Amino acid sequence: MSKNQLVNTHDHSKPTSPHLQIYRWNISSITSIMHRLTGVGLYFSILIIAWFIVYYTYSFGSISDQKSCECTTTLILKALFFGAIIFVIFSLYYHFCNGIRHLFWDIGKGFDLKKARITGYLVLLTSLILTITTIATTIYLKLF
Amino acid sequence: MKKIEIAPSTKNGFHHWLCQRVSAVALIPLIIWLVLSLIEIALDPEGYLPVFFAYPFNAFMSILFFSTSLYHGSLGMRVIIEDYVNNKAKVHFYIMLVNFFSITTVTAVVLAILKLHLIN
Numbered sequence: 000m001s002k003n004q005l006v007n008t009h010d011h012s013k014p015t016s017p018h019l020q021i022y023r024w025n026i027s028s029i030t031s032i033m034h035r036l037t038g039v040g041l042y043f044s045i046l047i048i049a050w051f052i053v054y055y056t057y058s059f060g061s062i063s064d065q066k067s068c069e070c071t072t073t074l075i076l077k078a079l080f081f082g083a084i085i086f087v088i089f090s091l092y093y094h095f096c097n098g099i100r101h102l103f104w105d106i107g108k109g110f111d112l113k114k115a116r117i118t119g120y121l122v123l124l125t126s127l128i129l130t131i132t133t134i135a136t137t138i139y140l141k142l143f
Numbered sequence: 000m001k002k003i004e005i006a007p008s009t010k011n012g013f014h015h016w017l018c019q020r021v022s023a024v025a026l027i028p029l030i031i032w033l034v035l036s037l038i039e040i041a042l043d044p045e046g047y048l049p050v051f052f053a054y055p056f057n058a059f060m061s062i063l064f065f066s067t068s069l070y071h072g073s074l075g076m077r078v079i080i081e082d083y084v085n086n087k088a089k090v091h092f093y094i095m096l097v098n099f100f101s102i103t104t105v106t107a108v109v110l111a112i113l114k115l116h117l118i119n
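Protein sequence lines correspond, in order, to chains A and B.
Here numbering that gives the first Met the number 0 is used: the first residue of the first sequence is 0, the next is one more, and so on.
Here numbering that gives the first Met the number 0 is used: the first residue of the second sequence is 0, the next is one more, and so on.
Chain A with its partners taken away, still in its complex shape (with noise of 0.2 angstroms):
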């Protein structure tokens, strides 16, 4: 009966594949959802930065002579631009160095579970620590 309705619930479709809410969380699930939560993430912030690339060079001058203000929305606004520009670093030092990790699964190394582990761990520390350096860097510089 169970499995009846199990069959039944979506006819003729295939079953959604990774279930995120049934399933224990470990290392191996975490870093198989970020990449690709940071891959999504990565596309839309490209099609952002191309179309701003695009209105940049047909408005050519006229892009930095607004005026700034010091309203609580600018402020918002700015508090989240850079909460985004955060989570884009981190997204693009992770799915780089997550990515390597799947190139070298591709060609059978590392593919062990102990090994799967710890490069799995290895690539959280290492973007962590990127993406902490790139922001500690532009503040000690004051680039912004």
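A portion of the hints provided could be inaccurate.
Chain B regions said to be covered by chain A (calculated; three or more residues, Cβ under 8 angstroms) [said to hold, decoys possible]: (1) 17-27; (2) 65-77; (3) 108-114.
The set of hints was computed from the structure by calculation and includes no laboratory data.
Remember, it's a predicted structure, so these values are computed and weren't measured experimentally.
Even for Gly, the Cβ is constructed at its ideal location relative to N, Cα and C.
Knowing the structure of chain A, use the given hints to seat chain B on it.
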């Protein structure tokens, strides 16, 4: 008990897998170039940013970067859409939407980079 109906294979899964890996390998040097040139821009924003695309190497690498990353991105978005959307018509619609946005964005940004490259 009713048998689960599995969608027939479209026979292009391996090609998709291979294209994703090849574009991933191609993106490694492009990302390193991107990070290095962002550091260069951050060190001298007023002087370097307006003439950034005037350098042939920067224009070349940025066009390669945008085309490769959006290609890799649309391949990845296709996998995610196929995994999480379970309505077949919606899957095809979203994949076409992603491809549409990728192609239009690549065309627009390549034109913009060429314009910035040629006017400087």
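Quiz item: Hint by hint, which ones does this structure get wrong, listed from lowest number up?
Solution: Violated hints: none; all satisfied.
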